[in-house]
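Protein chains in written order, with full-length UniProt numbering: chain A, 1 to 303; chain B, 1 to 303.
Hints in this document: simulated from the structure, not taken from any laboratory.
Ideal Cβ positions, reconstructed from N, Cα and C, are used throughout, including at glycine.
Check each hint, because a few of them may be wrong.
Unchecked claim - To be clear about the criterion: a stretch of chain B counts as covered by chain A if any three or more of its residues have a C-beta under 8 Å from a C-beta of chain A, and this derived list gives those stretches:
#, stretch
1, 62-69
2, 119-133
3, 136-146
4, 194-208
5, 236-245
6, 277-289
To be verified - Incomplete in silico selection of chain B near chain A, CB under 7 Å:
#, residue
7, PRO57
8, LEU78
9, LYS215
10, ASN263
Claimed, not checked - No more than 20 Å apart at the CA atoms, straight line, and that leaves these computed lysine to aspartate or glutamate pairs for EDC-like:
#, chain 1, residue 1, chain 2, residue 2
11, A, LYS298, B, GLU210
12, A, LYS195, A, GLU168
13, A, LYS195, A, ASP174
14, A, LYS283, B, ASP303
Protein chains: 2
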Amino acid sequence: MAGSDLLPRLVTLLLFSLLMMTSPATAQNGTSRAAENDFNRRRTLSLGIIIFPGFDPLDVFGPLELFYQSSGSYKITLSLISNVTGPVSSGPPPHKMRTPMASMATPGNSDEPRMMVLSHVLRPSIVATHAYTDAPALDVLLVPGGVGTRAMGKANGGVTWVEEFINERFERLDYLLSVCTGSLLLARSGVLDGKRATTNKGAWFEVVGEVGEEKVKWVPTARWVVDGKIWTSSGVAAGMDMVYAFLSHLYGEKDPVITKAMNGIEYSPHTDPHWDPYSVVHKVPGANANVSLADVVKPVGYD
Amino acid sequence: MAGSDLLPRLVTLLLFSLLMMTSPATAQNGTSRAAENDFNRRRTLSLGIIIFPGFDPLDVFGPLELFYQSSGSYKITLSLISNVTGPVSSGPPPHKMRTPMASMATPGNSDEPRMMVLSHVLRPSIVATHAYTDAPALDVLLVPGGVGTRAMGKANGGVTWVEEFINERFERLDYLLSVCTGSLLLARSGVLDGKRATTNKGAWFEVVGEVGEEKVKWVPTARWVVDGKIWTSSGVAAGMDMVYAFLSHLYGEKDPVITKAMNGIEYSPHTDPHWDPYSVVHKVPGANANVSLADVVKPVGYD
Chain A
1 MAGSDLLPRL
11 VTLLLFSLLM
21 MTSPATAQNG
31 TSRAAENDFN
41 RRRTLSLGII
51 IFPGFDPLDV
61 FGPLELFYQS
71 SGSYKITLSL
81 ISNVTGPVSS
91 GPPPHKMRTP
101 MASMATPGNS
111 DEPRMMVLSH
121 VLRPSIVATH
131 AYTDAPALDV
141 LLVPGGVGTR
151 AMGKANGGVT
161 WVEEFINERF
171 ERLDYLLSVC
181 TGSLLLARSG
191 VLDGKRATTN
201 KGAWFEVVGE
211 VGEEKVKWVP
221 TARWVVDGKI
231 WTSSGVAAGM
241 DMVYAFLSHL
251 YGEKDPVITK
261 AMNGIEYSPH
271 TDPHWDPYSV
281 VHKVPGANAN
291 VSLADVVKPV
301 GYD
Chain B
1 MAGSDLLPRL
11 VTLLLFSLLM
21 MTSPATAQNG
31 TSRAAENDFN
41 RRRTLSLGII
51 IFPGFDPLDV
61 FGPLELFYQS
71 SGSYKITLSL
81 ISNVTGPVSS
91 GPPPHKMRTP
101 MASMATPGNS
111 DEPRMMVLSH
121 VLRPSIVATH
131 AYTDAPALDV
141 LLVPGGVGTR
151 AMGKANGGVT
161 WVEEFINERF
171 ERLDYLLSVC
181 TGSLLLARSG
191 VLDGKRATTN
201 KGAWFEVVGE
211 VGEEKVKWVP
221 TARWVVDGKI
231 WTSSGVAAGM
241 DMVYAFLSHL
251 YGEKDPVITK
261 AMNGIEYSPH
271 TDPHWDPYSV
281 VHKVPGANAN
291 VSLADVVKPV
301 GYD
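Isolated chain A (complex conformation) (with noise of 0.2 Å):
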């Protein structure tokens, strides 16, 4: 009977429709990454990185020189959001931490966390041009690390306004992205529980130790995790390969624009999310030391 046939066929429809309802970004599958590609390359996309005290500037200066290379040609507006405007130091503020500075002696075999005073350390300002109350609508979050995040930790038990904003956005966001230690931030705003993450393999005992390896899927050997909508990189270098694979991703595998800024900045990325020499350099556990700690690296565009 014509009524019976119609109820599949609208059962049929209503998914087909839901399905075309689904966020763009949602879309990972290989068949419409054109079409998320070419809405990519037509819409104004709005960045958003957070700032705090004790940011590493190098976590976020690295993915932010290939946004700002690439807003030459796409559109890219940028938030650099902080809990007010104004100038935000990367000087490290007073803090316990069981991993000091990269460059730091380690503090003995002790496993007690102890006051690292590092207000010696370089600390250029940069500025932030909102206030985390005041952002605007965001397409893609970044999170930096730094030592920064481990005095956070300290603070009101590990939640402040980053966890509560990343909380707050993260649903209305197409992509959040963090760079080194940034993913502790994303963890203890519990945006990771249940996925798989990778973070800075120096402070990899610190932020697993913190974290747990239950709440987390971490992954030991990794330059950097997609997971979703989330990517985390490793530690601070990781995070321009891991943003290079990403505007790929956004514009297109080999797109002119995204190649021309890579080989204008003469940075040959490693382009292998599974090299990850540091996870051997740093002992994590589970890392696979009879690998080559090399890679090959050439300017984009030249396979």
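For this one, chain A is given, so just place chain B on it according to the hints.
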């Protein structure tokens, strides 16, 4: 006779004393490097970085990250120097240039510079700590490049406070470093006269075209070039490789602090100053296209 014996010995003593009075930075020979390294590890290094509107963000923050990490152990001070203190935007001012931003389409076949409107480009600001009129004594001065260098070339016949400051301070500096088109500012100031230097390969024709091939010995294929106390790097990301080599020169090859810093930020540097695929990519005259464009990189300390 005693008198005729004494004179040569006095002359020798005088020459020896003069040699000892030579600035430490000018001692480039191998035999004194250990003493130089020791001197540098003991002194507080006064680092200045010039900032102007339209500076390239990574030209500053690539090298600065290495100094930032090193400052955890070695004593370093940082002066971010501009015409006045306060925020300085990396956003390009409107200007005429032949070479657009890396990611922009090339402006046809015309050799005529045309006005580039780049006000849509991202413009993160950093905070200048010193006006050039109030900058302290400096040991190392780093000059970034960026699209702003072209706008400066149109002002007052290319002589701005930057060139005057470089010139005024040059004699008393131990080292003068430039990244990317920062070498254009060095050339305009006159300190590169007769020296070997390099620049961003994507801006080669513009830079060499303006300065001339007689005034400066431009090196077409070089990640970076050292001539006396002047270090000049190729484009943007090359600054990090140059500064790793510079820090190794300053503090010693395989210095544990620098090694730890590099592995902490997970950056595997290019260590061969002759590796320069971008001279091929950007078709620089004299570049050898028959060599491999690839480079093998690995963590510092893992040979």
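Hints versus structure:
Only when three residues or more bring their CB closer than 8 Å to a CB of chain A does the claim for the stretch 62-69 of chain B stand; here the count is 6, and the claim holds. Under the rule that three or more residues need a Cβ within less than 8 Å of chain A, the assignment of the stretch 119-133 of chain B holds, with 8 such residues. Only when three residues or more bring their CB closer than 8 Å to a CB of chain A does the claim for the stretch 136-146 of chain B stand; here the count is 0, and the claim is violated. Figure legend: the stretch 194-208 of chain B, annotated as covered by chain A; annotation consistent (3 residues with Cβ-Cβ distances under 8 Å, at least 3 required).
With a threshold of 8 Å between beta carbons, the proposed coverage of the stretch 236-245 of chain B by chain A holds, since 3 of its residues qualify and at least three are required. Evaluation of the coverage hint for the stretch 277-289 of chain B: fulfilled, as 4 residues show C-beta separations to chain A shorter than 8 Å, against a requirement of three. Hint status for B:PRO57 relative to chain A: holds, with the closest Cβ pair at about 5 Å, below 7 Å. Interface hint status for B:LEU78: upheld, as the beta-carbon distance to the closest one in chain A is roughly 4 Å, under 7 Å.
The beta carbon of B:LYS215 comes no nearer than 24 Å to any beta carbon in chain A, farther than 7 Å, and the hint placing it at the interface is violated. At its closest, the beta carbon of B:ASN263 sits 5 Å from a beta carbon of chain A; the interface hint therefore holds under the 7 Å criterion. In summary, the hint linking A:LYS298 to B:GLU210 is not supported, as the alpha carbons are separated by about 30 Å, beyond the 20 Å threshold. Among the hinted pairs, A:LYS195 with A:GLU168 is consistent with the structure: their alpha-carbon atoms are about 18 Å apart, no more than 20 Å.
As the CA atoms of A:LYS195 and A:ASP174 are separated by approximately 16 Å, the hinted pair is consistent with the 20 Å bound. Restraint check: the Cα-Cα separation between A:LYS283 and B:ASP303 comes to about 18 Å, which is no more than 20 Å; the hinted pair holds.
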